[in-house]
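Novice: Sequence:
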Amino acid sequence: MKKLLLFVFCLSIYQVLKAQDKEYQSSENIPAQLLKNANAVIRKNNVSILIKDYDDVEVTTDRIVTVLNKKGLSDISAAESYDDDTKVDEIEATIYDAAGNKVVRIKEKDFKDVSAVSNGTLYSDNRVKYLDYTPRDYPFTIHFTSTVEYSTTAFLPSWVPLEYFYVSTQSSNYEVINNSGIEVKFKESHLDNYAITKNGNLNYTATNLTALVPQAYSPGFDTYGPMVKIAMKEFSMKGVAGINNDWKDFGKWMNDELLSDVGELPKEVVDEVKMLTKDAKTQKEKAKIVYEFMQERSRYISVQVGIGGWKPIDAMSVHNVAYGDCKGLSNYTKALLNEVGIKSHHAIIYGDSNIRSVDKSFSSTQGNHMILYVPQLDDEKNIWLECTSKTNPFGYIAGWTDDRDALVVSDAGGEILHTTVYDTESNLQKSKAQIELQKDGSARARIQMSTTGYQYSFRDQLDKKSKKDLVKMYSNFWGHLNGVHIETTEVINDKELVQVTEIVDLTVDKYASKTGNLVLFKPVFFNRNETEPKRYKARYADFEIDRGYVDVDEYEINLDAAFAIDALPDEVKLNTKFGEYRLVISDLGNNKLKIKRYLKIEKGYFGKEDYELYREFRALIVKHDNSKAVLKFI
773 MKKLLLFVFC
783 LSIYQVLKAQ
793 DKEYQSSENI
803 PAQLLKNANA
813 VIRKNNVSIL
823 IKDYDDVEVT
833 TDRIVTVLNK
843 KGLSDISAAE
853 SYDDDTKVDE
863 IEATIYDAAG
873 NKVVRIKEKD
883 FKDVSAVSNG
893 TLYSDNRVKY
903 LDYTPRDYPF
913 TIHFTSTVEY
923 STTAFLPSWV
933 PLEYFYVSTQ
943 SSNYEVINNS
953 GIEVKFKESH
963 LDNYAITKNG
973 NLNYTATNLT
983 ALVPQAYSPG
993 FDTYGPMVKI
1003 AMKEFSMKGV
1013 AGINNDWKDF
1023 GKWMNDELLS
1033 DVGELPKEVV
1043 DEVKMLTKDA
1053 KTQKEKAKIV
1063 YEFMQERSRY
1073 ISVQVGIGGW
1083 KPIDAMSVHN
1093 VAYGDCKGLS
1103 NYTKALLNEV
1113 GIKSHHAIIY
1123 GDSNIRSVDK
1133 SFSSTQGNHM
1143 ILYVPQLDDE
1153 KNIWLECTSK
1163 TNPFGYIAGW
1173 TDDRDALVVS
1183 DAGGEILHTT
1193 VYDTESNLQK
1203 SKAQIELQKD
1213 GSARARIQMS
1223 TTGYQYSFRD
1233 QLDKKSKKDL
1243 VKMYSNFWGH
1253 LNGVHIETTE
1263 VINDKELVQV
1273 TEIVDLTVDK
1283 YASKTGNLVL
1293 FKPVFFNRNE
1303 TEPKRYKARY
1313 ADFEIDRGYV
1323 DVDEYEINLD
1333 AAFAIDALPD
1343 EVKLNTKFGE
1353 YRLVISDLGN
1363 NKLKIKRYLK
1373 IEKGYFGKED
1383 YELYREFRAL
1393 IVKHDNSKAV
1403 LKFI
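Going by this note's numbering, the first residue of the sequence shown is number 773, and it counts up by one from there.
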C-alpha cells in the first residue's frame, strides 16, 4: 500500500512538472509584456553551480527559449565550450512548435563539434559543441540541457538574467552550491531595479523581465543591467593553483606563477638592442628605439594552448619565430626593455573601441588583452605600449585601450591603474580649405586637414591606402556634396607629432542651386553634420559621451564675378554643458567669404533627463551646418 501511495505521489509530481514544461514550451501563453520589443523570450533559465573543490566545479543548465523571429536565433545559446580541462558530460535539446508539440529531439551526437579558433589564431585547443537548427516556422521553442565539469575554476559563470537587448526573461534562477570549504566571493549589481528575489546565499530568481531596446549614447549594459559575479578565493587555472583574496595577491599569483619565468632572451638580441640604444640621450628615447625594434621584426598571431590563454609564450621563442599574441609580444618587449635598464610591467585590460574597465572593486579573472605599462621615464608621465600594433606611434593607445582601468602586475602584486586619457582639446581635427564657386553652380576646392589625439586613430592607416581606396573613402566621407569628384590626394602620417595631414583636391558638379535670379548654397562645405540623435518617447538609460573632441574649420569661398551677395546666415554661438558651437560667415569684400566653424563636444556622463537637451543641441548644430547663403546674379 505504501509503495502504491509513493508511486501515485511521484506520478503526480511528474505530471505537475510535465505540465509546467508544457506551459513553457507553448508560445501561446507568454505574458503580453514579455512580447514587447522581444525577438526571443527566455521562458526558463536555471543554472546550478556545484563547487566540489578548488579544481572541480560542475555547472548544470536547464534552459527553455521561445524564438519569435529570425533575429532571435542568436539568443538560443544552445552550446558549450570545452577543452582539455572542461568536459561536457551531457548536452541535448528538444524543439517544440508554437502549440508546444514536440518536433524533434537532438542528442549530443547531433550537435556540431568544431574548433573554436578565431581569425588570427595560429592554434587553439578550445572547441565548442553547438546546436545548428533551421526552423520551419516561427515562433518555436527550444529546451536545452547540459552538464559541464570544470577542472579550471578561474572562470565561473556570472548570472545575467536580462540577456542583453531584445530578449525578455520569464523566469531565471541561479544557484551556487559550495561544498568545497573555500570561500566564494560575489558581487551583486543593480538587482534592486528589477523583479529579482534573493532566495538565500547565492540563490536568486528573476521573473518577468521585459526586453530592453538599445538607446543611443547609452553607457555599457553592465552599468545598469542586473548581474551577479562570483569568484573562488582559491582556484585552479590549467592545473596551476591560484589565490584571489584581492587584486594585490591575484596579481602576485600571476606574476609568480605565470610571468616570472618567461623573460630570458638570446644573447645576440641582447647585444643588438644594447648597441641600438647606446647613443640614446634619454630613457624615453631608449624605450622608443626598443619598441620600434619590436614592431619592425615581430607580428601578431594568437596562440591559445593550455594555459597560453593567460601565460605568455617565453620571450626567446617569440624572438626566434618573430610572432606572438598580445601576451607574448608584451612580454617580449618587457624583456627587451629590461636588458637596457628600463622597468616595465604587464597590464591586463579590456581591449575594445568602447571604453570598458577592469572591475577594480571585484578581483577575478578579467580582461581580454595585454599591453605594457612603463612607469615614469625622465620625469614624464607614464607610458602604455600597445605591442600588437606594427604601426602605432610610441606610447599611442587611443581607440582601443585608452581611458580605462587595467590590472598592472609586478613583483609586489597587482594594482589597478588608469590608462592614458586623451583630453578633449587634444582630440583635434583642424581643416583649412580654399573653394571656388563657379557661375554654373559647380565648385572646385582644396582642403588640408590635420588630425591629432583620439581622432588620429580614425586616420592613422590612410597612408597605407591606395589612390583608388582613398578616392572611394573621400567620396563617401563627403557624400553630402552633389556630384563630388576626387582629383588628387596626399596623406602624411607624422608619427613623431602623432598627426595625420591630408590634402585633397576635388570638384563638385552642383554645389549651388538656382532659383530664378537667386543662387542658394551651404557655406559649411566639408565638415557638415547631417543627422541628429534619435528622439525617444521614454528614455530609460542615462547617456555617456565617452570621448570629447574639437573640430576647427576655416574656409575661404571665392565667388564668381557674376554673383553678388544677397544674404548670409547670422552668427551663431551655442554654449552648453555638452559642448560649444560657433559659426561665423563673413563678407571679406571682392566676392570673397570666410567661414569659421568651431565645434567642441565634451566628454561626460549625464542623466537620462538631460538627453533631450543634448539632442536639441545636436539638432541645432545640424540646422546651422546646413544653413544657406543667398547670392544673386548681377
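Simulated from the structure, these hints should not be mistaken for laboratory data. Check before you lean on any hint, since a few could be wrong.
[Said to hold, decoys possible] If you anchor each label on the Cβ, the simulated ranges turn out as follows: (1) S820 with Y1312: 23 to 33 Å; (2) A1052 with L1292: 58 to 68 Å; (3) D1281 with S853: 30 to 40 Å; (4) E1374 with G1251: 48 to 58 Å; (5) Y1312 with Y910: 25 to 35 Å; (6) D1281 with S1399: 14 to 24 Å; (7) E1352 with S820: 49 to 59 Å; (8) R1071 with E1259: 27 to 37 Å.
[Stated by the list, open to error] Derived BS3-like pairs: lysine-lysine, alpha-carbon spacing no greater than 30 Å straight-line: (9) K1267 with K1162; (10) K1309 with K808; (11) K1239 with K1202; (12) K881 with K824; (13) K1153 with K1056; (14) K1153 with K1211; (15) K1053 with K816; (16) K959 with K1039; (17) K1060 with K1267; (18) K1267 with K1132; (19) K1153 with K1294; (20) K1380 with K1366; (21) K1020 with K1039; (22) K843 with K884; (23) K1039 with K1202; (24) K1267 with K1237; (25) K1056 with K824.
On a predicted model such as this, the values are computed, not experimentally measured, just so you know. Ideal placement from N, C-alpha and C gives every residue a C-beta, glycine not left out.
Novice: All the hints need checking, so say for each whether the structure fits it.
Specialist: Here is how each hint holds up against the structure:
1. Distance hint check for S820 and Y1312: the Cβ-Cβ separation is about 32 Å, which falls inside the suggested range of 23 to 33 Å.
2. About 60 Å separates the C-beta atoms of A1052 and L1292, a value consistent with the hinted range of 58 to 68 Å.
3. For the pair D1281 and S853, the beta carbons lie near 55 Å from each other, so the given range of 30 to 40 Å is not met.
4. Evaluation of the 48 to 58 Å hint for E1374 and G1251 yields a failure: the beta carbon distance comes to about 28 Å.
5. Taking the beta carbon of each, Y1312 and Y910 are about 27 Å apart, inside 25 to 35 Å as hinted.
6. Range check, D1281 to S1399: Cβ separation about 22 Å, and the 14 to 24 Å hint holds.
7. At about 55 Å, the beta-carbon gap between E1352 and S820 stays in the expected band of 49 to 59 Å.
8. Take R1071 and E1259: their Cβ atoms lie about 36 Å apart, and the range 27 to 37 Å holds.
9. A threshold of 30 Å between alpha carbons decides the hint, and for K1267 with K1162 the separation of about 12 Å falls inside it, so the pair holds.
10. Taken as a hint, the K1309 and K808 pair is honoured in the structure, with Cα atoms around 15 Å apart against an allowance of 30 Å.
11. The hinted pair formed by K1239 and K1202 meets the criterion: a straight-line CA distance of about 23 Å does not exceed 30 Å.
12. As the CA atoms of K881 and K824 are separated by approximately 28 Å, the hinted pair is consistent with the 30 Å bound.
13. Between the alpha carbons of K1153 and K1056 the distance comes to roughly 11 Å, so the proposed pair stays at or under 30 Å and holds.
14. Note on K1153 and K1211: the hinted pairing is violated, with a Cα-Cα distance of about 55 Å set against a maximum of 30 Å.
15. Annotation: proposed proximity of K1053 to K816 is violated, straight-line Cα distance about 65 Å (limit 30 Å).
16. The suggested pairing of K959 with K1039 is violated, with an alpha-carbon distance near 48 Å, which exceeds 30 Å.
17. A C-alpha spacing of about 12 Å is found between K1060 and K1267, which places the hinted pair at or below 30 Å, so the restraint holds.
18. Between K1267 and K1132 the alpha-carbon distance is near 33 Å, which puts this suggested pair outside the 30 Å criterion.
19. A threshold of 30 Å between alpha carbons decides the hint, and for K1153 with K1294 the separation of about 44 Å lies outside it, so the pair is violated.
20. Proposed proximity of K1380 and K1366 is contradicted: the alpha carbons are some 39 Å apart, above 30 Å.
21. Annotation: proposed proximity of K1020 to K1039 is violated, straight-line Cα distance about 34 Å (limit 30 Å).
22. Of the pairs offered as hints, the one joining K843 and K884 holds, with about 21 Å between alpha carbons and a cut-off of 30 Å not exceeded.
23. Between the alpha carbons of K1039 and K1202 the distance comes to roughly 48 Å, so the proposed pair goes past 30 Å and is violated.
24. Using a Cα cut-off of 30 Å, the hinted pair K1267 and K1237 holds, with the two alpha carbons roughly 17 Å apart.
25. A C-alpha spacing of about 51 Å is found between K1056 and K824, which places the hinted pair above 30 Å, so the restraint is violated.
Hint compliance for this structure: hints 3, 4, 14, 15, 16, 18, 19, 20, 21, 23 and 25 are broken, all remaining hints hold.
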